[in-house]
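Each protein sequence line maps, in turn, to chains A and B. Numbering follows the working numbering, in which position 104 of the first sequence is assigned residue number 104; successive positions increment by one, without gaps. Numbering follows the working numbering, in which position 38 of the second sequence is assigned residue number 38; successive positions increment by one, without gaps.
Worth flagging that the hints you see were computed from the coordinates, not collected in a lab. A quick note: this is a predicted structure, and the numbers were derived from the prediction, not measured. Ideal Cβ positions, reconstructed from N, Cα and C, are used throughout, including at glycine. Treat the hints with care, since some could be wrong.
Here are the computed distance ranges between Cβ atoms for each label pair [stated by the list, open to error]:
| hint | chain 1 | residue 1 | chain 2 | residue 2 | range |
| --- | --- | --- | --- | --- | --- |
| 1 | B | 273 | A | 139 | 42 to 52 Å |
| 2 | A | 37 | B | 200 | 33 to 43 Å |
| 3 | B | 140 | A | 139 | 26 to 36 Å |
| 4 | A | 11 | B | 39 | 41 to 51 Å |
| 5 | A | 97 | B | 273 | 41 to 51 Å |
| 6 | A | 97 | B | 139 | 28 to 38 Å |
| 7 | B | 443 | A | 139 | 19 to 29 Å |
| 8 | B | 192 | A | 97 | 46 to 56 Å |
Straight-line C-alpha distance at most 35 Å; calculated DSBU-like pairs for lysine-lysine [what the hints assert, rightly or not]:
| hint | chain 1 | residue 1 | chain 2 | residue 2 |
| --- | --- | --- | --- | --- |
| 9 | B | 412 | A | 150 |
| 10 | B | 329 | A | 148 |
| 11 | B | 378 | A | 70 |
| 12 | B | 378 | A | 148 |
| 13 | B | 161 | A | 135 |
If you want the building blocks of each chain, they are given just below.
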Amino acid sequence: MTKRTYLFCLYAILIGFVLTVVTMNLTYAKPSANNNNDVQLLARCVNGEARGEPYIGQVAVAAVILNRTKHPSFPNTIAGVIYQPGAFTAVSDGQINVPIDPNSQVFKACQDAMNGYDPTDGCIYYYNPEKTTNKWIYSRQVVKTIGKHKFAK
Amino acid sequence: MSIRGKLLDFKQRLSDRHMYSVTLVVIALIASFGIYQYKKGLDYRNAVENTYRRSFTELVNYVEELEVTLAKGILVRDPKQLVHLSSEIFRQAEGAKTNLAQLPISTVELDNTSKFLSQVGDYSYNLSLKYLQDKSISDEEIKQLRELTNYAATLSDSLVKMQDQLYQGTMRFGEIKGLGKVFAKNEVSFAQNISEVEKQFQNYPSLIYDGPFSEHINQMQPKFLEGKNEISQEEALNKAKEFLGDAGANLQFQGEGNGTIQTYHFASSSDNGDINIDITKKGGYVLWMLNSRSVAESKLSIEDAKAKAVEFLNNQGFPNMKESYYEIKSNTALINFAYVQDGVVMYPDLIKVKIALDNGDVIGFESKGYLMSHHERKLQEIKISKEQALKSINNILTVENISLAYIPLESKREVMCYEIKAKMDDKTYLVYVNVTTGNEEDILLLLESPDGVLTI
């Protein structure tokens, strides 16, 4: 190889390396102090899953998580449902570790869900038809559409 | 100078200053960084694989134990022994279910298996209670228990086979994200194995019994709405506007809800927040309403808020509601109301009202409990007198009050009880004694604080 090609390879590797380090740090939020409060955990998950959704959409996502705890096919605790491997993308990619301010909208939405508000009337699944790649979910009966999400039983 | 010229010049200067060794060192650094990252990745993957293996091994152990305990349970007739065995079944099924949920499989493949584990503990506990109360168990129930035992045996066999594959190295759990690459041709993924197990559960029976995970809970219909007429979308919109008053001016139709209770969903947005409201198709009742505006300060007391809520309920056609528990958070008061019939409080007929403490507006409303359960009840026969009920509770408690109430059990079945409010040390308890059988149906702890009165 000529000297020119050597240099070219070297610069390519350096740029690639820098880009990798930068993107790695952006994708994974560093875990911070964990709050044992159930609402905080719920809010972190809902924030990761339904950040841009209207208020009622966030209440609905929180309600789905709570409905799962009462359903025989899912774990009986909020932590069990949230941390079930593969259940929520916000958990798989670490977005759940962003702390939520108790004065924020998503926190209030979770409190309302824990107080029994269920806009979905008992749903245990939801999906974004524009983003989901899971074909099985389309076989579930859709109860309602709120924002970008369809809620199903 | 052109780019090419500049590069050539740089290259010339590099070789003049013997920079080859420097570039080689840099490449070596990058390569060692890469190797380090790869090794760390391997370590992480091992750690994850180990936690999966631990959960899987615990699952296999619990299911094997469950199979044995169930097999014993079919034969036992002594109620005390059955109660002991059923609490073992409960524990083992719970352990199996928790560990199953920690494995990397999607919920599709887990559905019936998980349901089986939830119901088996529940169901056998239920049967043991029947034995304790000297009620007979039907042949049908024995048959179902036998079937459950067979399922446990099938599950146990399949899991043991999978465990063998794991130890021989022909099965892997897959990568951390998503189900992973198969490293050798004869390797089978864990997900495939579990879906084979799930297939054996396809004819899993619908279990209906007196417990929280019974099938009948998902199939319950709203009692209050039976026989009411269906209304159109326009009529529903009018009902919504009537309910909200001025706040309901800009409501738009959002869609229909096809759950247990069919509804029309309306919403409006403003700078202050969104308002969402669901009106039932049958009868045009408000299932729930939520106004997300923030409340900046508290000007009203909780007594004022309660009065406002009662007034509101009376105006909306919900008379005879008595307040039970409340909670104050962020300048709003969430108050629970229960229907009262002939002096008996009907806790299943629940309506929750949220009052903003700045101006007394109703900013939240939830009536699913009421719509599902409310009906004129023929009161249960009272066979136990008040004195007998008081005698049956633990006499280290100081009784403050005794009244009558209907309470829902975990299986949603209702029973009429004496509600005995009593204190011990500084804790307040609510003990519920069945008016017909004298059994203690439930005990709740009453928590009173400036922020509310709650029960747990």
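Verification of the supplied hints:
no.	hint	in the structure
1	273/B to 139/A: 42 to 52 Å	36 Å, violated
2	37/A to 200/B: 33 to 43 Å	41 Å, holds
3	140/B to 139/A: 26 to 36 Å	32 Å, holds
4	11/A to 39/B: 41 to 51 Å	26 Å, violated
5	97/A to 273/B: 41 to 51 Å	28 Å, violated
6	97/A to 139/B: 28 to 38 Å	54 Å, violated
7	443/B to 139/A: 19 to 29 Å	43 Å, violated
8	192/B to 97/A: 46 to 56 Å	32 Å, violated
9	412/B to 150/A	28 Å, holds
10	329/B to 148/A	30 Å, holds
11	378/B to 70/A	30 Å, holds
12	378/B to 148/A	46 Å, violated
13	161/B to 135/A	29 Å, holds
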